[in-house]
Amino acid sequence: MVISYVRRAYSSFAAHVFDIPPRLMAFMFFLILLFLPLAGISSSKMSVLIYANIFAIFAVSWDLLVGRTGQISLGHALLFGIGGYSSALLFKYYGLPTWITIPAAMLFSILVSLLIGFPCLRVKGPYLALVTMAVPLIIQLTFKWGPLYSIFGGDTGIRDLPRFFDLILIREQRISVYYLTLLLLFISSVIIYKIANSKTGIVFISILDDEVASKACGINITKYKLMSFVISGLFASLAGCIHAHVLEGVDPSMFSLTISFFAVIMTFLGGIGTIYGPIVGSYIYSVLDSFVLPELPKLLERFNVDITSAFESAKLLIFTLIVLILVIKWPRGVARFTTDKLKDLEEARDLDERGPRIWKTYKKKKK
Amino acid sequence: MLIEEIILFGAISGGVYALLALGFTLIYGISGITNLAHGSFYMLGAYMFHILGFRLLGSDTPVSTSFVVLILAALIVGIIGSVAYRLAIHPVLGDEVAVMVVTVCLALIFQQLVLLIVGLTFRDPTPSVKWPPGSFLTTSTNILGVNLENSKILAFAVSLGLFGCLLVFISKTKIGKAMKAVSQDREIAMLMGINTKRLYMLTMALSASLAAIAGILITTSTTYSALAPMWRYPLALSFSIVILGGLGSIKGSLIGGFIIGYAEQTVANTVPQGGAIVGVVPLIVMVLVLLLKPKGLFGKRIEMEE
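Chains as they are written, first to last, in the working numbering: chain A, 1 to 367; chain B, 368 to 673.
Source of the hints: derived by calculation from the structure; they are not laboratory data. The beta-carbon is built from N, C-alpha and C at its ideal position, and this holds for glycine as well. There may be inaccurate statements among the hints.
Claimed, not checked - With a straight-line Cα cutoff of 25 Å, these simulated SDA-like cross-link-like pairs (lysine to any residue) come out:
#1 Lys547/B - Thr633/B
#2 Lys298/A - Arg490/B
#3 Lys329/A - Pro458/B
#4 Lys329/A - Asp289/A
To be verified - Residues from chain B shown here face chain A by an in silico Cβ test under 10 Å; the list is partial:
#5 Ile373
#6 Leu375
#7 Ala378
#8 Val459
#9 Gly461
#10 Glu463
#11 Val609
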């Protein structure tokens with residue numbers, strides 16, 4: 001009886017305290033990110049956050065294609081690399097400034113995604129996943145090929161690109177880049193979120209749910225699949241451009257499976273099919289990757305286990321294990337779990353008098 | 368000279384590739400799993416051969432012991448495969464995205480585990496995978512004016528022999544018939560009393576050990592050393608072969624293997640700096656097949672997803 005009373009008190013308390021509308025939550029999240037540089041983070045840690053922003057754009061675009069339209073692509077690095085390389089090549093051969101090369105690269109990526117998407121989207125399921133995995137590998141090997149060395153620069157790629165815009169107002173360069181990437185992340189995620197929740201987005205979901213039925217309803221599914229592919233490719237190439245100019249160079253590893261897999265890891269960490277999830281996932285990944293896990297060797301030293309020499313491989317091992325367990329045990333992701341809980345709490349407020357029953361329904365749902 | 372080289376080397380790599388692709392096509396045809404960890408079983412096979420043959424028995428074992436080691440390595444990798452299936456793939460069966468993500472995760476986990484364990488204990492990033500020195504397998508024979516290592520001939524013979532054995536196994540034994548039944552209609556097969564979970568575990572073990580044998584045969588005859596990230600190329604190879612032959616078709620994987628083997632050798636010997644770009648060949652073949660004839664050469668109709 002005491003326990004039920006405590007539960008009731010807790011659910012009543014939680015329903016009133018944690019009741020924040022999702023829009024406000026997203027706003028608060030961005031607000032926190034906005035004031036993060038003021039917390040006195042060192043320059044090297046700042047670049048971690050910059051990469052978190054870049055890969056958040058990338059993962060959000062993957063989520064639109066896979067989570068919302070159901071077209072499994074395991075080679076999203078294709079457009080990431082195409083964006084970076086076309087911006088770099090435009091600089092190398094015509095010496096154009098960054099603010100021209102990035103939009104031009106994005107336009108070019110539309111062309112590429114139309115060219116590649118139109119034939120590829122005819123196949124589906126595992127076939128689509130395999131063909132999308134193959135295309136970036138082909139491009140990677142071609143760029144490394146000896147006879148094309150003078151154009152693409154082989155293994156080293158193209159170096160000495162112009163830096164990403166420098167804001168005059170803020171003296172420290174890392175912080176200005178951080179704010180720019182944050183702004184771009186905000187703009188692109190809002191655009192993708194709006195698209196995903198518009199009428200077009202509903203058509204995307206109908207393709208995800210049942211392709212044949214949506215065809216029967218008179219939807220031109222090829223057109224919508226292609227549209228999803230192009231939109232997600234556009235933002236992936238934007239992420240690639242930013243990555244190239246922040247790193248001041250491109251190389252063939254931009255097309256690697258690891259980059260494609262980053263999007264998968266982040267999306268599954270945050271929750272697939274929610275657009276906002278990958279942003280959370282990207283930050284979780286980056287914070288774990290460079291703030292939490294580096295403490296591990298120090299912790300293990302106390303138990304006389306020395307893994308500093310093999311730490312890099314152990315890190316990837318831990319991440320893949322986390323993703324594996326997430327996919328198997330908790331496929332809905334962190335961000336969606338939070339919003340689900342908030343929804344439950346909202347229900348709980350309406351039925352506040354009945355208190356303990358809500359706890360029961362919540363438990364039932366969890367199964 | 369060049370043409371003979373292409374013919375012989377193409378046939379040899381084609382035979383082993385067919386064996387490699389057979390495992391991939393079996394597990395896809397029977398359970399519908401797109402096993403992206405297939406290449407890592409190839410890698411694990413080579414490492415197991417190294418660990419069992421060189422670290423535990425020493426490098427001066429007779430050839431007959433090496434064959435036992437090969438079989439043992441394949442068995443161990445098979446057990447690893449079925450355990451991985453039971454722990455990781457079985458809980459997400461039916462969800463394509465999740466299966467692919469899980470299998471890529473498995474491949475990366477195997478890679479990192481191998482890097483950690485082998486790297487930390489042996490302090491040798493590229494352990495050698497060879498037949499024992501001084502045996503007949505390290506010498507070479509002259510066929511059609513081309514010097515062929517005996518290990519390559521052995522690889523060709525063993526892979527074709529195993530392929531034949533498997534064809535017999537599938538068409539004659541009870542388990543093979545059960546596999547066929549499940550691949551035709553899973554639910555009806557379950558109603559007839561076939562334990563699909565156990566059958567899938569068995570198929571996974573079979574496919575993993577086939578990949579391991581292919582890995583040992585290829586590494587002992589070409590590169591002579593194992594490397595942790597070497598699972599990527601065989602994976603690309605096996606899925607391009609399987610798509611060329613038709614997903615789930617056994618005959619297709621044999622013919623697809625030979626086509627890819629010949630295409631690879633032709634490119635490697637005729638295109639300038641062909642050795643560097645040879646990895647593109649199977650991928651380009653795969654993309655072309657998917658665009659022109661998505662069913663593959665011997666594939667059945669691509670079924671509408673439910």
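Was the hint right that Val609/B lines chain A, CB cutoff 10 Å?
holds (9 Å)
Proposed proximity, Arg490/B with Lys298/A (alpha carbon, max 25 Å):
holds (23 Å)
The hint names Gly461/B as touching chain A; please verify it with the least Cβ-Cβ distance against 10 Å.
Violated: closest Cβ of chain A sits about 12 Å from Gly461/B, beyond 10 Å.
Check the hint pairing Lys329/A with Asp289/A against an upper bound of 25 Å on the C-alpha distance.
With Cα atoms ~22 Å apart, Lys329/A and Asp289/A stay inside 25 Å; holds.
Could you check if Ile373/B really has its C-beta closer than 10 Å to a C-beta on chain A?
Ile373/B check fails; min Cβ-Cβ to chain A is 21 Å, beyond 10 Å.
Regarding the pair Lys547/B and Thr633/B, is the alpha-carbon distance no greater than 25 Å?
violated (36 Å)
Cut-off 10 Å, beta-carbon criterion: hint that Ala378/B touches chain A
Not OK, violated: Ala378/B not within 10 Å of chain A, min 25 Å.
Taking 25 Å as the top limit, are the C-alpha atoms of Lys329/A and Pro458/B close enough?
Status holds; Cα separation ~8 Å.
Does the interface hint hold: is Val459/B within less than 10 Å of chain A, judged Cβ to Cβ?
holds (6 Å)
Given hint Leu375/B near chain A, where the shortest CB pair must fall under 10 Å
violated (26 Å)
Less than 10 Å between beta-carbons is the criterion; does Glu463/B satisfy it with respect to chain A?
Where the cut-off is 10 Å and the nearest Cβ of chain A is about 6 Å from Glu463/B, the hint holds.
The structure shown violates the earlier hints numbered 1, 5, 6, 7 and 9.
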